[in-house]
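Peer 1: Keeping the supplied structure of chain A fixed, place chain B upon it in accordance with the hints.
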Amino acid sequence: MTSIGTDKTTQQIGKVIWAENLCKKFGAFTAVDHISFEIEKGEIFGFLGANGAGKTTAMRMLTGLSKPTSGKGVVAGFDINTQSEQIKKNIGYMSQKFALYEDLKVWENIRLYAGIYGVPKKEIAPRTDDLLHRLGFEKEKDTLVKSLPLGWKQKLAFSVAIFHEPKIVFLDEPTGGVDPAARRNFWEMIYQAADRGITVFVTTHYMDEAEYCNRVSIMVDGRIDALDTPKNLKDQFNASTMDEVFHHLARKSTRNAD
Amino acid sequence: MLRYLLEKEIKQFVRNSFLPKMVVMLPLMAMLIFPLIANFEIKNINLCVVDHDRSIQSQKLIQKIQSSGYFRITDVAESYQRAMLQVESNNSDMLLEIPVAFGKDIEQGTSTNVLIAANAVNGVKGGLGSSYLTAILQNFSVDIATKIQLPKAMPQGAGFSIIPRFWFNPTLNYKMFMIPALMIMVLAIVSGFLPAMNIVGEKESGTIEQMNVTPVGRFQFILAKLIPYWLVGFIALSIAVLVSRWVYGFKPQGSIVTVYLFASMFMLAFSGFGLVISNYAKTMQQAIFMILFFLLTFIFLSGFYTPINNMPQWGQVLSNFSPFKFIIQSVRLVYLKGCGFADMLPQFFALCGFAVFFNGWAVLSYRKKS
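These protein sequence lines are chains A and B, in that order.
Here the working numbering runs 17 ahead of the position in the first sequence, where the first position is 1.
Going by the working numbering, the residue at position 172 of the second sequence is 158; the numbering climbs one at a time, nothing skipped.
Next comes chain A alone, as it looks inside the complex (with noise of 0.2 angstroms):
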C-alpha cells in the first residue's frame, strides 16, 4: 500500500478503487467532473450514463491510460497520478472495441496477454486448456479470433483479461451487440469472477444489467448524481425499475449525446 499523502489513506484500506475530485477537461469543455467514490473488494460496480456523460473517460483514468487534470484516485493501491505502470500490472481491462488479435488464434491471444503478465510459462499451457474447457472452446483452440462469432469473442475477451487473476477488471460496455442469452451467459462469467474475490468495474447501457450490479453510480453531463445499490436507487427516485431510475436522472442532462 502506498501512501498518497492524505489523511484519507487510512481509510481507504479495504477500498479496492478509491477517486477524490477526479476531473478531466478537454480544454473548455469538463469530461469528467469532480466525480469521488469508492469501491471494495469484490463487489460489482456498475458505471451508468447516456451516451457522452463521461464513463469511458472516468475508466481511461482509473486504468491509467488518461492522466486526470486534477483530483485523486488510488487503484489497487497504487495512485493513479504517479504509479499508472503499477496499476497496469494489477488490473484487467476489456474496451468497448473488440481488442483480441483477429489475426492470431484462440490460445495465442491467451498465450500473449498471459505472457504479457508474467503469467509463469509452465502455467500457460495447462490453464489455457483449463480455460477452454471451462468455456466449452476445446475445438476452437486453433481458431483464428477473427471466425469467432461476437458473443464468443466476448466471453474470450473477458476471459483473457482475468486469466492473469488481477485484483479489478475494467470492462468498457462488454455486452454490446449482443444477444440476450449471451448477455446473461457473460454476467454469470462475471459474477464468477466477483466470486474469486476480483472487483469489476463495468460500464453499460443494459438497465437489466445494472440490476445485477452489488452498487451502482449514475453519471450525467460528467458529475456523479446518484450511487447506491440498485434497490435503494429504486426506493429513492420511488421507481419500479432501474430504467426510470434513469431516465429520471438523464433527463436533467444538458449535454448531446455523441
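Just so you know, these hints were derived from the structure itself, not from any lab.
Fair warning: this is a prediction, and the values are worked out from it, not measured in the lab.
Ideal placement from N, C-alpha and C gives every residue a C-beta, glycine not left out.
Heads up, a few of these hints could be off.
[Stated by the list, open to error] Here are a few chain B residues that sit away from chain A, every Cβ distance over 12 angstroms (derived from the structure):
{"no.": "1", "residue": "Met15"}
{"no.": "2", "residue": "Ser53"}
{"no.": "3", "residue": "Met276"}
{"no.": "4", "residue": "Asp329"}
[Stated by the list, open to error] Within a straight-line C-alpha distance of at most 20 angstroms, the following computed PhoX-like cross-link-like pairs (lysine-lysine) qualify:
{"no.": "5", "chain 1": "A", "residue 1": "Lys84", "chain 2": "A", "residue 2": "Lys106"}
{"no.": "6", "chain 1": "B", "residue 1": "Lys(-3)", "chain 2": "B", "residue 2": "Lys268"}
{"no.": "7", "chain 1": "B", "residue 1": "Lys46", "chain 2": "B", "residue 2": "Lys133"}
{"no.": "8", "chain 1": "B", "residue 1": "Lys268", "chain 2": "A", "residue 2": "Lys114"}
{"no.": "9", "chain 1": "B", "residue 1": "Lys161", "chain 2": "B", "residue 2": "Lys237"}
{"no.": "10", "chain 1": "B", "residue 1": "Lys90", "chain 2": "B", "residue 2": "Lys46"}
{"no.": "11", "chain 1": "A", "residue 1": "Lys138", "chain 2": "B", "residue 2": "Lys(-3)"}
{"no.": "12", "chain 1": "A", "residue 1": "Lys42", "chain 2": "A", "residue 2": "Lys89"}
{"no.": "13", "chain 1": "A", "residue 1": "Lys163", "chain 2": "B", "residue 2": "Lys189"}
{"no.": "14", "chain 1": "A", "residue 1": "Lys122", "chain 2": "A", "residue 2": "Lys138"}
{"no.": "15", "chain 1": "A", "residue 1": "Lys32", "chain 2": "A", "residue 2": "Lys184"}
{"no.": "16", "chain 1": "A", "residue 1": "Lys89", "chain 2": "A", "residue 2": "Lys32"}
{"no.": "17", "chain 1": "A", "residue 1": "Lys139", "chain 2": "A", "residue 2": "Lys170"}
{"no.": "18", "chain 1": "A", "residue 1": "Lys84", "chain 2": "B", "residue 2": "Lys189"}
{"no.": "19", "chain 1": "A", "residue 1": "Lys163", "chain 2": "B", "residue 2": "Lys(-3)"}
{"no.": "20", "chain 1": "A", "residue 1": "Lys84", "chain 2": "A", "residue 2": "Lys42"}
{"no.": "21", "chain 1": "A", "residue 1": "Lys158", "chain 2": "B", "residue 2": "Lys(-3)"}
{"no.": "22", "chain 1": "B", "residue 1": "Lys50", "chain 2": "B", "residue 2": "Lys161"}
{"no.": "23", "chain 1": "A", "residue 1": "Lys32", "chain 2": "A", "residue 2": "Lys106"}
{"no.": "24", "chain 1": "B", "residue 1": "Lys268", "chain 2": "A", "residue 2": "Lys122"}
{"no.": "25", "chain 1": "B", "residue 1": "Lys29", "chain 2": "B", "residue 2": "Lys111"}
{"no.": "26", "chain 1": "B", "residue 1": "Lys189", "chain 2": "A", "residue 2": "Lys114"}
{"no.": "27", "chain 1": "B", "residue 1": "Lys50", "chain 2": "B", "residue 2": "Lys29"}
{"no.": "28", "chain 1": "A", "residue 1": "Lys89", "chain 2": "A", "residue 2": "Lys122"}
Peer 2: What follows is chain B alone, placed relative to chain A:
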C-alpha cells in the same frame, strides 16, 4: 515479455496474405526492372540526315554515325524543311545537314560546316545526342586529316585530342549508379515504413489501447515491432544484393560486410523516423500520406537520381537533412570504388546522428497516456 510480443509480431507477419510476398517482390522489381528503365544512357536516337553532297565522304560519315550504336538513321531527306517535318512529327529526334561540296572541301582541307539540330523537348536526350554527334564528327575530321596527310590543314579540334577516362565506372554504366540507391529504397520501405504502418494499424483497430493498459513498456512494444522488420529488411537487402550479382554481375569492389554494417545503421535511423510518423498519424491514410511526402523529399534530396553537385546551393545544404544521402553515398562508394569503413567515417557518423535524432524524437513524442 519481449519474446511473447515477438512471437505475436512474427506470426502476424507470416500470416498476412500480402506482406511476405511484398518483401520478396519489392527487391525483385527494384533490381530487375528499375535499373533497366531508369536509365540515362541515350541510345537509339532517331537521326534524320539531309545529305546535299552525296559524296563518298558524306556516305562514310553516315556510316560512321550508324556504327556508333547510338543513332538510328530514320530517313535521308532532300531538304532541311523535309527533315524538320520529321522532327516535328516526332519521327526523328535530331537532324544533320551535310552541305554541298562537303567531301570536296574535306579532301582539299578547306573548312566546312555541318548543321546539327536537336529536338530539346527531352533535354537530356537533345543535349547528350548533340554531344555524341559532335564527338563523332570531330573524330571523323581527325580521321580524314590523318588519312589524307595534310598537316597544314589540320581541322579545328584536331590539334589535340581528349581521351576521357572514367574511373570506377569505366563504361559510365548508369545501372551501377542506380542499383545501390535502389537497394536503399527497398530497405527504407521495408524497415522504416512497414513497422510504422503496423503501429498505426494497431491504433486504428484499437488493439494498441489494450496493449497500453497492460504492463508492456513502450520500449518493449516498439522493439517487438522493429526487430522483425529489421530481419525482413536484411532479407530484402540480401535478395537485392544477390540479384544484382547474378543478373548484372555487379559485385561490390569493397567488402559486403561494410554494406551490411552501414545498412544496419541506416535501418536503425530510418525505423526511428517511421516511429515518429506512427506517433503523429492517427489513421493509416495520414501515415501513408506523410510517408509518401517524406520518401519523395528524402529521395530527391539524396542524389538518388541526380548528382548533389548539380543542385543549387540551398539544395546542397538541404540534402544534408536526408539520411538517404549518406547511405546511398556509402553503398555506392563500397560498390564502385571499394571504400572501406575507415574511408566513410563521416557518412557513418551522419547516420549515427540521424539514428539518435529520430529515435530520440520518437521516444519524446510518444504518449502512452493522453
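Peer 1: Do the alpha carbons of Lys32/A and Lys106/A lie within 20 angstroms of each other, as the hint requires?
Peer 2: 18 angstroms, holds
Peer 1: Given the hinted pair Lys29/B and Lys111/B, is their Cα-Cα distance within 20 angstroms?
Peer 2: 9 angstroms, holds
Peer 1: Holds or violated: are the alpha carbons of Lys50/B and Lys29/B at most 20 angstroms from each other?
Peer 2: Within the cut-off at roughly 15 angstroms; holds.
Peer 1: Holds or violated: Lys268/B with Lys122/A, Cα cutoff 20 angstroms?
Peer 2: 27 angstroms, violated
Peer 1: A cut-off of 12 angstroms on Cβ-Cβ distance, and Met276/B was said to be off the interface with chain A. Does that hold?
Peer 2: Nearest chain A Cβ is 24 angstroms from Met276/B, so the label holds.
Peer 1: Taken at face value, is the distance from the CA of Lys189/B to the CA of Lys163/A at most 20 angstroms?
Peer 2: 18 angstroms, holds
Peer 1: Is the Cα-Cα distance between Lys46/B and Lys133/B 20 angstroms or less?
Peer 2: 13 angstroms, holds
Peer 1: Hint check: Lys90/B vs Lys46/B, CA-CA at most 20 angstroms. Holds or violated?
Peer 2: 13 angstroms, holds
Peer 1: Can the restraint linking Lys32/A and Lys184/A be considered satisfied, given a maximum Cα separation of 20 angstroms?
Peer 2: Given pair Lys32/A, Lys184/A holds - Cα atoms ~11 angstroms apart, limit 20 angstroms.
Peer 1: Hey, Lys138/A versus Lys(-3)/B, does the alpha-carbon distance stay inside 20 angstroms?
Peer 2: Distance ~19 angstroms between Lys138/A and Lys(-3)/B Cα, so the pair holds.
Peer 1: Is Lys42/A close enough to Lys89/A, meaning Cα to Cα at most 20 angstroms?
Peer 2: With Cα atoms ~15 angstroms apart, Lys42/A and Lys89/A stay inside 20 angstroms; holds.
Peer 1: Beyond 12 angstroms from chain A, beta-carbon-wise, is Ser53/B?
Peer 2: 61 angstroms, holds
Hints 6, 17, 22, 24, 28 from the earlier list are contradicted by this structure; the remaining hints agree with it.
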